[in-house]
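Peer 1: Modelling step: build the complete structure from the supplied sequences, incorporating the hints.
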Amino acid sequence: MIVKGLRIGTRTSRLARAQTGIVIEMLRTKFPALEIEVVPVTTMGDRLPDEKRAEVEGKGAFTEDLEALLQKGEVDAAVHSMKDLPTKLGGGLAIGATPVRADPRDALVSSHGLSLAEMPEGAVVGTSSIRRKAQLLALRSDIELVDLHGNVETRLRRMGERGLDGIVLAAAGLRRLGEEGRITEYFSIEELVPAPCQGTISVEIRAGDRGVGAAMKAIDDGDVRAVSTCERSFAARLGGDCDLPAGFCATKEGERMRLVGAILSPDGKTVVKETSFEDAARPDEVGRRFAEKMLEMGGEAILERVMR
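No gaps in the numbering here: position 192 of the sequence shown is 192 in this note's numbering, and each next residue is one more.
Among the clues, some could well be false.
[What the hints assert, rightly or not] So the derived label-pair ranges between C-beta atoms look like this:
#, residue 1, residue 2, range
1, Ala117, Arg14, 30 to 36 Å
2, Gly5, Glu118, 50 to 56 Å
3, Gly160, Gly122, 16 to 22 Å
4, Glu255, Glu191, 40 to 46 Å
5, Arg140, Ala207, 41 to 47 Å
6, Glu153, Arg305, 22 to 28 Å
7, Glu144, Arg308, 23 to 29 Å
The set of hints was computed from the structure by calculation and includes no laboratory data.
Please read these numbers as outputs of a predicted model, since none were measured by experiment.
Backbone N, C-alpha and C fix where the C-beta goes; we use that ideal spot for every residue, glycine too.
Peer 2: As structure tokens, this is what we get:
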């Protein structure tokens with residue numbers, strides 16, 4: 001039986017609200033009479049000063065408070081950027097739906113309309129991601145990379161304030177905020193391998209809540225669930241929720257998956273990159289095996305040095 005009402009928890013950022021709006025629209029299309037209440041939550045990650053976020057990103061800083069409300073029964077579902085969701089969920093919780101996956105690629109926003117290749121030697125580019133930094137240095141070792149934290153709007157504003165030549169962000173976030181017009185260049189998945197589950201929206205629920213689960217099943221996308229399961233399995237095998245210089249993207253093509261992975265030294269000088277096509281029937285196993293293959297190819301030695 002489908003529930004009559006839903007309390008949906010969400011972070012307070014503009015992007016989080018936009019993503020929650022997408023989920024609500026899908027639910028209302030399926031269940032026009034469903035009463036929905038949005039519960040805004042300021043998470044630990046949102047409360048931290050921008051310069052402190054690097055210490056906690058990837059460790060549930062943006063999801064734990066929402067999970068706690070779910071566990072206490074104060075909300076019925078929580079909408080997340082799946083990239084932020086730890087590979088191990090909170091006790092008694094489950095992923096109820098993976099309804100949407102937008103463009104998983106990274107994008108460059110340039111102050112002067114230049115692509116990365118066109119930027120002059122010594123150009124200053126902002127990003128807080130060790131994954132992006134390593135791959136950008138592999139492409140252009142002569143640029144300068146600086147840390148840039150905060151939500152999408154904050155980073156766009158600070159690009160101008162700090163006189164940066166450009167910043168690199170997830171294309172999905174820019175597009176969901178209507179900022180796609182500012183994108184100078186989309187990096188191909190092979191050039192700059194995305195983070196696992198980048199661009200994917202997930203809805204977390206209590207594992208035993210059948211009514212909410214039935215509602216979420218109606219908006220779940222099987223292909224999105226398959227690729228996100230594969231990508232999360234890869235991430236778990238590499239080290240779960242650590243911030244690592246590694247990327248992985250799975251794309252469903254019929255009954256097969258196209259896999260692209262990269263593990264790099266932080267300076268971008270040592271690169272292990274692999275592409276493969278695999279049967280999509282067991283996405284969790286596919287992701288784990290691909291991670292193990294990349295570790296054997298030299299990725300393990302790289303990550304051991306990174307995590308010392």
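Peer 1: Which of the listed hints are not met by the structure?
Peer 2: When the structure is compared with the hints, numbers 4 and 6 turn out to be violated.
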